[in-house]
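Given the structure of chain X, go ahead and fit chain Y onto it with the hints provided.
Number of protein chains: 2
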Amino acid sequence: MYKSEKLAQNIRQMIENGVWKVHEKLPSLREQTQLSGYSLMTVLNAYQELEAQGLVYARDKSGYYVAERSTDLVNSKQPIQISLSPKVQINSVVFNYLKSIQAAEIVPFGSAFPNAELLYNAKFMQILAQQAKRKSSYNNQNHMPPGNQDLRQLIANRYQLQGIACHADDIVITSGALEALNLSLQALTQPGDFILLQQTIFYGAWQAAERLGLQVITIPEHPQFGFDLASFEQALKQYPIKVCWLMLNAHNPIGFTVSSEIKQRIAELLYEYQVYLIEDDVYQELNYGSSKPLPVKYFDQHQMVLHCTSFSKTLGMGARVGWVYAGPFSDAIQHLQLMSTLTVSPLLQNTLVEFISHHHYEKHLRQLRYNLEKYKKKFYQELKNRLAPTCKIYYYSSGYFLWIELPNGLDGQVLYEQLIQKGISIAPALLFKPDHASQHYMRLNCSFEWTAEIENAVNLLADTIQQK
Amino acid sequence: MYKSEKLAQNIRQMIENGVWKVHEKLPSLREQTQLSGYSLMTVLNAYQELEAQGLVYARDKSGYYVAERSTDLVNSKQPIQISLSPKVQINSVVFNYLKSIQAAEIVPFGSAFPNAELLYNAKFMQILAQQAKRKSSYNNQNHMPPGNQDLRQLIANRYQLQGIACHADDIVITSGALEALNLSLQALTQPGDFILLQQTIFYGAWQAAERLGLQVITIPEHPQFGFDLASFEQALKQYPIKVCWLMLNAHNPIGFTVSSEIKQRIAELLYEYQVYLIEDDVYQELNYGSSKPLPVKYFDQHQMVLHCTSFSKTLGMGARVGWVYAGPFSDAIQHLQLMSTLTVSPLLQNTLVEFISHHHYEKHLRQLRYNLEKYKKKFYQELKNRLAPTCKIYYYSSGYFLWIELPNGLDGQVLYEQLIQKGISIAPALLFKPDHASQHYMRLNCSFEWTAEIENAVNLLADTIQQK
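Residue numbers (UniProt numbering), protein chains in the order written: chain X, 1 to 468; chain Y, 1 to 468.
Looking at chain X on its own, in the form it has when it is part of the complex (with noise of 0.2 Å):
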């Protein structure tokens, strides 16, 4: 668990216990720096991630005060809620809304991708640059499924420093996480079986079950942890759920990770329920902390976990490759790769290899995690300016969005709307919760730097909010 995590959950613990009451001041950031011992930094992100619980609310430069809410909130009491959804048709909106977000005078906020300039990498290039004049990077030979036997060592490397055992045997190289994702998902289900999503989620997913005829049950997001396991426990109980497909680590678009202790529990009741997990962990490298969050792979001691990410999130387009450790589905997701994209281009491979075994790859999530947090602090402090408090934003230390709760019940979907008329795109929740009622929300991208350009399209979409 990390210091911040650590800390937020002792201060949840005094509040829960009364020891500073409702609209109380909790200590200043100094005085706690002091109490706790940890760095101002440490407590500047505990504190912030309790404000994006509800926990506390702040007021300018006048501090944190303990915020009023629910019991049944606080208590985690609420009622269970399990829905069977309906055949969604999500991949028209999808399809519609990525196609109004493309033109190159729209600015960004909907985009799903960190702004490329931080991804830039030179070292990557001037490897790239040498990799294009071998021969090597032009032959297959070493680079079909399931892909360069040293990049896979490397990833392999990986996982064991995190403590999870694995082989190079065990990874499966795919164009992108989103590949990785759809063919471990096709590797385990057949139409009309059943997978459990939660109820917000990265729209691919809810695209992957239309695609693939299945049927969706989904799990609400506890308003404290992320992740409600009461929830997750009734509907396996009540439903022949055969694969579930989670995010815990930086959700997108919610952006919350889920605590270790809830993760082993998940781990414990998949093999309890003899039910696989689809562990999309694309931004595991984009937490702010000095180490990167635990996977639930990391409590699976009988490989039901199929854990998905990515290089093209740090690395960007120019990398597009991902991977999925397949573990024993390793041989069914190779047999469904040759029949789709047949292998992942051996020039990036080679150059992916080259960029990590020199120990650059490191470096450079580094500085991409510092400005992350950089910018999206920034974009997190100039919009509580500009908005209500009765505008919500949730802000946690890791990725680069803010998911917003919009004021007097504003659907994300008419802001879009008007937004992009405006040429700015925004994310609206009707991509990630197609199936649900509550569409005040929105998406937003903040991995840029603060120029006048971004400056303008964020007072105008405040004001655009303020409207309402």
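It should be emphasised that the hints constitute simulated quantities derived from the structure, not laboratory data. All C-beta atoms in this analysis are idealised placements derived from N, C-alpha and C, irrespective of residue type, glycine included. Do not take every clue at face value.
To be verified - To spell it out: a stretch of chain X is covered by chain Y in this simulated footprint if at least three of its residues, at any positions, have a beta carbon under 8 Å from a beta carbon of chain Y; those stretches are: (1) 24–34; (2) 124–131; (3) 171–185; (4) 334–342; (5) 346–352.
Unchecked claim - Derived coverage of chain X by chain Y (criterion: at least 3 residues anywhere in the stretch with Cβ under 8 Å from a Cβ of chain Y; other residues may be distant): (6) 93–107; (7) 113–120; (8) 142–155.
What the hints assert, rightly or not - A few chain Y positions that, by computed beta-carbon distances, are all more than 12 Å from chain X: (9) A156; (10) E362; (11) V414.
Relative to the frame of chain X, chain Y by itself:
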């Protein structure tokens, strides 16, 4: 029509008219050159095509003779054979096969890819290295489906040069031709639909049918013309076929190129029966003649044809970029793409734009065709010298495969298993006609320079065949 094709047709007509009788010697190459006014190369190509069609046979150093043929073959009055194929489990066959031939020490006569040495292009690499240093090669903004606008325009221009109306918006860039073919089939069919395949065809078609749960109808190859129009029309009449998947240029694995007359009739029948065609034309640029053969797309007045091809067979896996002339189905195919692989490497798309627009591609293709013809002719001659006349070798003037009928009913799969033990791969008939009884065929990749190592492997291959 090519000169050699025209000449072959004339000679065929004269044989059928009784100008030369069975076992009578045809004019020598030199005589025929003088008679016809064509070049020696054209005459040789015509004779070799007639030989491949079984109309003439060669005697070493003595010349070409009229072959004995059963009347029904020459008159193409064979009974129509249409099969409704059972659910074929092709996928495991192909998977195990591809795995077995991957090892670096295996002589890759079974490979589907041309020898990577031939695809190497220094200019391409140089441009790729330059592009690798540009930030725009890492930005997906202009490279999302349907793909880079400039690249699509260059591809459209190439269609226009062939006399095929084409707009950049008709094209969707894909991860190789395999994705183009698969997405096209997925866009046009529902599980349970009927599709029509050639009896002998690239195994990817069988795999796609299996994966999408389609019913397969096959029609046999015509022994003389490659494509059997009568069976085709009969099948369209008899079954509710939704889509055909055909290969008519440099057919894989057999090698024939169907005449323009037949292609025109296919286009008419497609419209008459309202059936779509997915045209696999991956070898369109590998015809040794001066111009590339027309696709059915050329005769398609009603947007019934989706034409699929790629750069992978001409520039190698380093340029794993394909496309489909999707026309009105562009949106449907992009839908599917956004759910699976999302986008094709911006770097490769940019590189191809530079490479093609500076006319390097045509030069590369000329050199590639020159080498492929040289190597394939050498293989053909050397095999003729080593194998008994009962072992029929199909030679056609394109691509890099020889299709070989094995003597004494020797099963291709049996031969494959013996040869793989000796470190040589071949592609047995089972991969291409999994539902058919006659398995005494193999496909041989002959895109290799005639080195001592290759000669040893060919000797071993010939010995193993002759020992049967």
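For each hint, the structure was consulted:
no.	hint	result
1	24–34	violated (count 0)
2	124–131	holds (count 5)
3	171–185	holds (count 5)
4	334–342	holds (count 8)
5	346–352	holds (count 3)
6	93–107	holds (count 5)
7	113–120	holds (count 5)
8	142–155	holds (count 3)
9	A156	20 Å, holds
10	E362	19 Å, holds
11	V414	24 Å, holds
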